[in-house]
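Chemist: Residue numbers (the numbering used here), protein chains in the order written: chain Z, 1 to 364; chain S, 1001 to 1364.
Pairwise CB distance ranges (calculated):
1. Z:60 to S:1276: 21 to 31 Å
2. Z:60 to S:1074: 52 to 62 Å
3. Z:244 to S:1208: 23 to 33 Å
4. Z:152 to S:1064: 56 to 66 Å
5. S:1160 to Z:177: 47 to 57 Å
Sample of chain Z residues at the chain S side, in silico, Cβ under 8 Å:
6. 78
7. 209
8. 221
9. 228
10. 232
11. 235
12. 266
13. 271
14. 276
15. 306
16. 309
Simulated from the structure, these hints should not be mistaken for lab results.
We put the beta carbon where it would ideally sit given N, CA and C, even for glycine.
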Amino acid sequence: MRVHGGFPGGGTGIRFCGCCMMPADAVRGSAAAPGAARQPVTVGGRRVKTIDVHAHCHFAAVAGQLGAAAAIPPANVRGSDETVIRLDQRLAAMDRQRVDMEVLSVNPYWYGKPVELAREMVRITNAEMAEFCAMHGDRFAGFAGLTLQEPRIAVGELELAMKTQGLKGAAIGGNVAGVDFADPRFHPVWAKAEELGAVLFIHPQGTPQLKDRFAGNGWLANTIGNPLDTTIALAKLILEGTLDRFPGLKVLAAHGGGYLPSYADRMDHACMVNPNECNPGITLRKRPSEYMRDIWVDSLVFSPEAIRHLAAVCGVDRIVLGSDYPFPWQMAPVDHVMACDSLSDDEKVAVLSGTAARLLNIPD
Amino acid sequence: MTSRRKFLSGAAAAGVVFCSCGLLDQARAQVPAGTSPRQAVAVNGRRVKTIDVHAHCHFREVIPLIGGNPAPLLPPVRGAEEAFITVEQRFRAMDAQKVDMEVLSVNPFWYGRDRDLAAQIVKVNNEQMAALCAAHPDRFAGFCSLTLQAPDLAVQELETAVRRQGLKGAAIGGNVAGVDFSDARFHPVWAKAEELGCALFIHPQGTPQLNQRFAGNGWLSNTIGNPLDTTIALSKLIFEGTLDRHPGLKIIAAHGGGYLPSYADRSDHACTVGPAGCNPAIQLAKRPTEYLKQMWFDSLIFTPEAIRHLQAQVGADRILLGSDYPYPWQMAPVDHIFACDSLNDDQKRGVLGETAAKLLNIPM
Chain Z
1 MRVHGGFPGG GTGIRFCGCC MMPADAVRGS AAAPGAARQP VTVGGRRVKT IDVHAHCHFA
61 AVAGQLGAAA AIPPANVRGS DETVIRLDQR LAAMDRQRVD MEVLSVNPYW YGKPVELARE
121 MVRITNAEMA EFCAMHGDRF AGFAGLTLQE PRIAVGELEL AMKTQGLKGA AIGGNVAGVD
181 FADPRFHPVW AKAEELGAVL FIHPQGTPQL KDRFAGNGWL ANTIGNPLDT TIALAKLILE
241 GTLDRFPGLK VLAAHGGGYL PSYADRMDHA CMVNPNECNP GITLRKRPSE YMRDIWVDSL
301 VFSPEAIRHL AAVCGVDRIV LGSDYPFPWQ MAPVDHVMAC DSLSDDEKVA VLSGTAARLL
361 NIPD
Chain S
1001 MTSRRKFLSG AAAAGVVFCS CGLLDQARAQ VPAGTSPRQA VAVNGRRVKT IDVHAHCHFR
1061 EVIPLIGGNP APLLPPVRGA EEAFITVEQR FRAMDAQKVD MEVLSVNPFW YGRDRDLAAQ
1121 IVKVNNEQMA ALCAAHPDRF AGFCSLTLQA PDLAVQELET AVRRQGLKGA AIGGNVAGVD
1181 FSDARFHPVW AKAEELGCAL FIHPQGTPQL NQRFAGNGWL SNTIGNPLDT TIALSKLIFE
1241 GTLDRHPGLK IIAAHGGGYL PSYADRSDHA CTVGPAGCNP AIQLAKRPTE YLKQMWFDSL
1301 IFTPEAIRHL QAQVGADRIL LGSDYPYPWQ MAPVDHIFAC DSLNDDQKRG VLGETAAKLL
1361 NIPM
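Isolated chain Z (complex conformation) (with noise of 0.2 Å):
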């Protein structure tokens, strides 16, 4: 009940958000505030590049061009107003989080398109992605979009993308309309992108099959099926074997990877308890949790506690700034690594810097 008050949303339903976690002016102040200077980031006295591997945009040309049925989809959430980069205003909002750099993605929203709509949606959104990074390389980098529902036209991307482009990867989504990454219909994109080097970003995109349940109070279609998304996505790459057959693959998960890093060990006792739920054909080279220690994850868990728990699961060298900008889940993302008592000082110039600056071939 103390808790209450003094957050200015208005909705009663959002009245538990304290103050100390969503400031006023980290909501509203997403229109750039007068004057505010960007402050370099130092730790221990180094200063330090920081780079945000999650943070979203779209690209107005794509439906310029291609008319209503490549609209950006609608979004009844804050900050999406924002995913259309306005140069000033989002460069101003990174100095204030300061982010010295963003990794952009656009998450997919063709995958249930026709493929020729899809491919169209792709090149245009890449080739607006690859100019808007060139032209402010010092701020921006990008991962591709990928028409994965043709995954021969993907690897063509993708190829495009990293070797011409000059993109970090790709951004994939959490599955692709309903069919999960592990299917072996993706495995010539996996392939390519473990010769290329690309860095895979997964972003859920929620599980519409729990739509039922998910209603209500408390936005769970997002705070659960987001997470849980993601959790499919990656125990499938596990369980599956595709993270065997394609070992060099650099697959990074937004939300700390959602649920699995943080309850990973119930994975390594399914088959004791249940051998008939499990494929004889497939053979693991070791339990599904220490798969947790291939992938990386970004920062986005709210706590030093989740972070903490993270870096034991996953390694910390395995985690990554993110921020989700411009969607305020965290609006201080350079502080929350900052608060973690249980990062030594060359850990946390890691995850702000260092670990993405090597993942994705980012000068420090």
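Based on the hints, put chain S in the right spot on chain Z.
Modeler: What follows is chain S alone, placed relative to chain Z:
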């Protein structure tokens, strides 16, 4: 890769290869060859009566009510046969696990049946449970079954169970044929539970809506579907205001509460980012995560790090010993607690038995 040889030595079926030999040995030890004497458990010299709040059973006496076919009670899972308790065999298993007392529960399989049949099943379950526990009060306590699809019946059943049958509360599953516990129709049952001061044991039964994505290797319908079912159940009890309406409700959630406690913080931010997904008519008394500190969770989460994290999230005084017996998820549940360095001696005693004794009114 280094561990491959070790794994291969233990398992015949390829699908279980990643399960370490230790786990398999424990599974075989389920029915010890000889008699293993009961070992008193002491923490730093002080005896503690160990109470396992998560132990399953079924009663053969209900089989005639379901057409003589025991299949719904016999999932093709290791340990299933032992859900039909043979007292001597169960005692031997408990002795081997150093469990002094089990609080038994029957997973509901009657929520989809018609009211009268379900009521008959529940009646038989509760009479049998009461008789078994009365015959062995030093080794067994029990949760009752409820005809939750008919809340008016469930109210009476709960009253009878607690006031006359000596049972400790009710085992209610994870939802009632797709309807969440937060639904207003159940309010009278929760009001009665509050009045009686009895516990509600939430044990998941999966999320069949996701069957297609769960198909494949690794039994995801359990390893993801189960913690997910619990997560939805608890989230809805929180967000729909059920726990505000019934603040005295004593909720015990199986498997460490599923995903929610280890990944709770996202819930606190939902209505800030997506107010459209939140109901302005519902004003929670506190932040969503704070409700976790008024529930109890079992210890069935496999590693000392998982326990440390759960302890950090909800407090050691909210954790109770749970084994899932006779399903061989954790065949050394007491040793699991002893291996947790994050718990001091008092906390170990609490987790092993003292907290459950207080919560469930079991004499130490």
